[in-house]
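Student: Sequence:
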Amino acid sequence: MLTQEQNDRITRVGPGTPMGELMRRYWHPVAAAGELDERPTKAVRVLGEDLVLYKDKSGTIGLIERFCPHRRVDLSYGIPEEHGLRCMYHGWMMDETGQCIEQPFEETVHPDGRFKEKVKVAGYPVQELGGLIFAYMGPAPVPLLPNYDILAQREGVLREAFIAVVPCNWLQCMENSVDPVHLEWLHGVYGAHRAKLEGRRDAVAESLAMYDRHREIGFDEFERGIIKRRVYGNTTKESPKWSVGHPLLFPNILQQGGGGRYFFQYRTPIDDTHTWHVEITSYWFPDDIEVPEQDSVPYTNIGLKTADGYWRSDDTMAQDHAAWILQGPIMDRSAERLGESDRGLILYRKMLDEQAAVVEDGAEPLNVIRDPAENVMIHVPQEGWGRLGRTSDIDEVARYGSALKPLIIDLLTQTSYVQQHHATA
Numbered sequence: 001m002l003t004q005e006q007n008d009r010i011t012r013v014g015p016g017t018p019m020g021e022l023m024r025r026y027w028h029p030v031a032a033a034g035e036l037d038e039r040p041t042k043a044v045r046v047l048g049e050d051l052v053l054y055k056d057k058s059g060t061i062g063l064i065e066r067f068c069p070h071r072r073v074d075l076s077y078g079i080p081e082e083h084g085l086r087c088m089y090h091g092w093m094m095d096e097t098g099q100c101i102e103q104p105f106e107e108t109v110h111p112d113g114r115f116k117e118k119v120k121v122a123g124y125p126v127q128e129l130g131g132l133i134f135a136y137m138g139p140a141p142v143p144l145l146p147n148y149d150i151l152a153q154r155e156g157v158l159r160e161a162f163i164a165v166v167p168c169n170w171l172q173c174m175e176n177s178v179d180p181v182h183l184e185w186l187h188g189v190y191g192a193h194r195a196k197l198e199g200r201r202d203a204v205a206e207s208l209a210m211y212d213r214h215r216e217i218g219f220d221e222f223e224r225g226i227i228k229r230r231v232y233g234n235t236t237k238e239s240p241k242w243s244v245g246h247p248l249l250f251p252n253i254l255q256q257g258g259g260g261r262y263f264f265q266y267r268t269p270i271d272d273t274h275t276w277h278v279e280i281t282s283y284w285f286p287d288d289i290e291v292p293e294q295d296s297v298p299y300t301n302i303g304l305k306t307a308d309g310y311w312r313s314d315d316t317m318a319q320d321h322a323a324w325i326l327q328g329p330i331m332d333r334s335a336e337r338l339g340e341s342d343r344g345l346i347l348y349r350k351m352l353d354e355q356a357a358v359v360e361d362g363a364e365p366l367n368v369i370r371d372p373a374e375n376v377m378i379h380v381p382q383e384g385w386g387r388l389g390r391t392s393d394i395d396e397v398a399r400y401g402s403a404l405k406p407l408i409i410d411l412l413t414q415t416s417y418v419q420q421h422h423a424t425a
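All the letters of the sequence shown, read from the start, carry residue numbers 1 to 425 under my numbering.
Rather than coming from a laboratory, the hints here were simulated on the basis of the structure. A portion of the hints provided could be inaccurate.
Under the rule of at most 30 Å between Cα atoms (straight-line distance), these lysine-lysine pairs were calculated in the DSS-like manner [said to hold, decoys possible]:
{"hint": "1", "residue 1": "Lys196", "residue 2": "Lys405"}
{"hint": "2", "residue 1": "Lys196", "residue 2": "Lys116"}
{"hint": "3", "residue 1": "Lys305", "residue 2": "Lys196"}
Put together the whole structure using the sequences plus the hints.
Tutor: The following block contains the structure:
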């Protein structure tokens with residue numbers, strides 16, 4: 001249980017708030033790169049700030065204040081030029097730093113004038129990695145964008161992204177990441193219950209509900225965040241689920257997967273009551289398979305509701321979304337009653353509070369990367385690491401695909417593991 005003041009401290013992310021200032025020390029994904037290929041401007045809201053993301057004709061990506069400094073017209077309706085974004089109303093143009101670089105009528109009347117040099121809006125650094133566009137909204141010097149292998153490995157890997165705007169505070173999304181016991185109840189018992197009501201069968205949910213109950217959970221801090229460990233079903237502490245576990249990467253990334261399919265779930269705070277949730281999924285193939293290099297990473301916008309207005313529950317991601325949303329826009333933690341299953345989220349809240357205090361004291365928080373040697377390619381161990389075709393059955397892997405599904409199936413049929421498996425089945 002937290003007081004209202006304690007709850008506000010770790011949930012609210014606007015400029016000047018303790019958590020807002022902590023979050024501004026990190027890079028956050030704000031869009032799929034493919035979105036700007038379809039339309040070169042996009043209105044985005046990040047950490048409570050209204051911004052416009054754009055790609056100009058030179059290919060430069062900018063993230064600047066959304067409203068023109070002249071007459072406050074929405075720049076997401078602006079015109080991308082060779083170098084900058086031009087306002088539709090009077091033609092003022094901004095570059096990627098937020099600096100005004102053209103004022104057509106002012107320059108006609110005052111050819112030697114310097115008015116534009118005095119006009120600047122907020123502009124933030126952006127970088128593209130793994131099919132996502134990342135932004136840094138904190139103070140200089142700018143840290144390195146972490147080069148995690150799930151995002152950066154190119155050879156033998158395919159990626160796709162799944163995106164949703166979730167109408168709730170970012171913290172209840174993240175607390176789910178250190179709450180292992182919800183697995184058998186939300187994804188097991190409830191998943192099977194909903195499947196029955198909807199006239200379908202969910203074998204995964206039935207198995208979770210019947211067999212995969214947790215018997216022990218553990219959490220350890222490490223240099224990048226928290227390791228979650230579990231003993232459930234017929235596993236023991238010799239299992240990688242306990243001996244290796246899987247990580248929460250501070251401040252707002254869950255790393256998961258197994259059998260050649262690995263993913264990050266980012267929970268980027270839009271504002272205090274909305275979260276941009278993106279799952280970037282990577283499929284790792286055996287070394288002897290020639291995997292085509294991706295020119296672009298496909299993305300899918302995930303719908304949250306059914307046709308009759310209920311929150312979806314037909315897969316584990318949808319079930320998570322529903323549980324987060326049903327806690328309210330900002331969960332009232334003054335009314336909660338925590339137990340043994342909540343040890344992970346208690347640790348995570350403590351870490352957030354402590355790291356916010358680090359920033360308040362003028363120091364560098366956890367998991368900010370500045371050393372290029374450390375950032376060549378970052379691999380964070382997790383349970384079940386392997387490659388597709390060696391540790392997974394083709395039918396099990398194929399069910400995860402969407403835009404990439406036909407290609408994944410085609411590549412998997414080339415692996416000696418799958419060929420041997422199906423020949424003897």
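Student: Go through the numbered hints given earlier and state which of them the structure violates, listing their numbers in rising order.
Tutor: 2
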